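Listed below are the residues making up each chain.
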Amino acid sequence: DTGVSQNPRHKITKRGQNVTFRCDPISEHNRLYWYRQTLGQGPEFLTYFQNEAQLEKSRLLSDRFSAERPKGSFSTLEIQRTEQGDSAMYLCASSQLGGTNTEAFFGQGTRLTVV
Amino acid sequence: GQQVMQIPQYQHVQEGEDFTTYCNSSTTLSNIQWYKQRPGGHPVFLIQLVKSGEVKKQKRLTFQFGEAKKNSSLHITATQTTDVGTYFCAEAYGGATNKLIFGTGTLLAVQP
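Quick mapping for you: the protein sequence lines, in order, are chains V and C.
Quick note, this note's numbering runs 32 ahead of the 1-based positions in the first sequence.
Quick note, this note's numbering runs 2 ahead of the 1-based positions in the second sequence.
Derived by calculation from the structure, the hints in this document are not laboratory data.
Bear in mind that the values here come from a model prediction, so they are computed numbers and not experimental data.
Virtual Cβ for every residue (Gly too), placed ideally from N, Cα, C.
Certain hints may be false.
Claimed, not checked - Partial selection, computed: residues in chain C whose CB lies under 10 angstroms from chain V:
| id | residue |
| --- | --- |
| 1 | Gln8 |
| 2 | Tyr24 |
| 3 | Phe47 |
| 4 | Ser54 |
| 5 | Ile78 |
| 6 | Phe90 |
| 7 | Cys91 |
| 8 | Ala92 |
| 9 | Ala98 |
| 10 | Leu109 |
| 11 | Gln113 |
So here's chain V without its partners, still in its complex pose (with noise of 0.2 angstroms):
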């Protein structure tokens, strides 16, 4: 499968704790995007990298959220002290670089759960 690929699909933690997810993009894409998105809702943006760069940050993305791509290929997105708050879906998306078409490409996701 060829697709963007996140890990885990679920996460279950305590209030605190810090929680790590993993995406890996489709391989020749070079700009790769983190979003959230609550119940019924439409997905929020995050964060983007193009490349191993973290171009643009959202107000959305607190002190206690970290993300990096350091190769230029996957990404981590780290919570630290995780809140009840941070329950969400985390999806990570993928696109090429250049061109008209801007298609995004997005993974299933990781379900974060904060009990």
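Starting from the known structure of chain V, fit chain C onto it as the hints suggest.
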């Protein structure tokens, strides 16, 4: 900031009926993309519209971009149970970033 509203929030139709969802923005959109998200699934790209007044068709789906580029619509003719899901419009925004600003979505339920 930008806000893209969609109406209706929810639509329940009988199989075979038509369905339309509307996307409205307070500002001019540079483009509009449509995504479908099945229950429990992830957003899947359907189409991108860029030009004022553009109309594109995919089988039973017809997409329109308004003349003023402030609204868009998705029309499904003769719905099928496989059309069930939430339909989102989104603008690829931010110049070099091209992050997606999603609308509020329309959940479509189709009764067989």
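Status of each hint after checking the structure:
Annotation: interface hint on C/Gln8 holds; nearest CB of chain V at approximately 9 angstroms, less than 10 angstroms. Taken as an interface hint, C/Tyr24 does not check out: its beta carbon lies about 15 angstroms from the nearest beta carbon of chain V, beyond 10 angstroms. Annotation: C/Phe47 was flagged as interfacial toward chain V, and the flag holds, the nearest CB pair being 5 angstroms apart, inside 10 angstroms. Checking C/Ser54 against chain V: minimum C-beta separation of about 16 angstroms lies over 10 angstroms; hint violated.
Contact between C/Ile78 and chain V, as hinted, is not supported at the beta carbon level, the nearest pair being about 19 angstroms apart and thus beyond 10 angstroms. Because the closest C-beta pair between C/Phe90 and chain V is about 5 angstroms apart, less than 10 angstroms, the hint holds. At about 9 angstroms, the closest approach between the beta carbon of C/Cys91 and any beta carbon in chain V falls short of 10 angstroms, and the interface hint on this residue holds. Residue-level restraint check for C/Ala92 holds (minimum Cβ-Cβ distance to chain V is 7 angstroms; threshold 10 angstroms).
Interface restraint check: C/Ala98 against chain V, minimum CB-CB distance 7 angstroms, threshold 10 angstroms, status holds. Below 10 angstroms, beta-carbon pairs count as interface contacts, and C/Leu109 has one with chain V at about 8 angstroms; its hint therefore holds. Restraint check, C/Gln113 versus chain V: the minimum CB separation of about 21 angstroms is more than 10 angstroms; hint violated.
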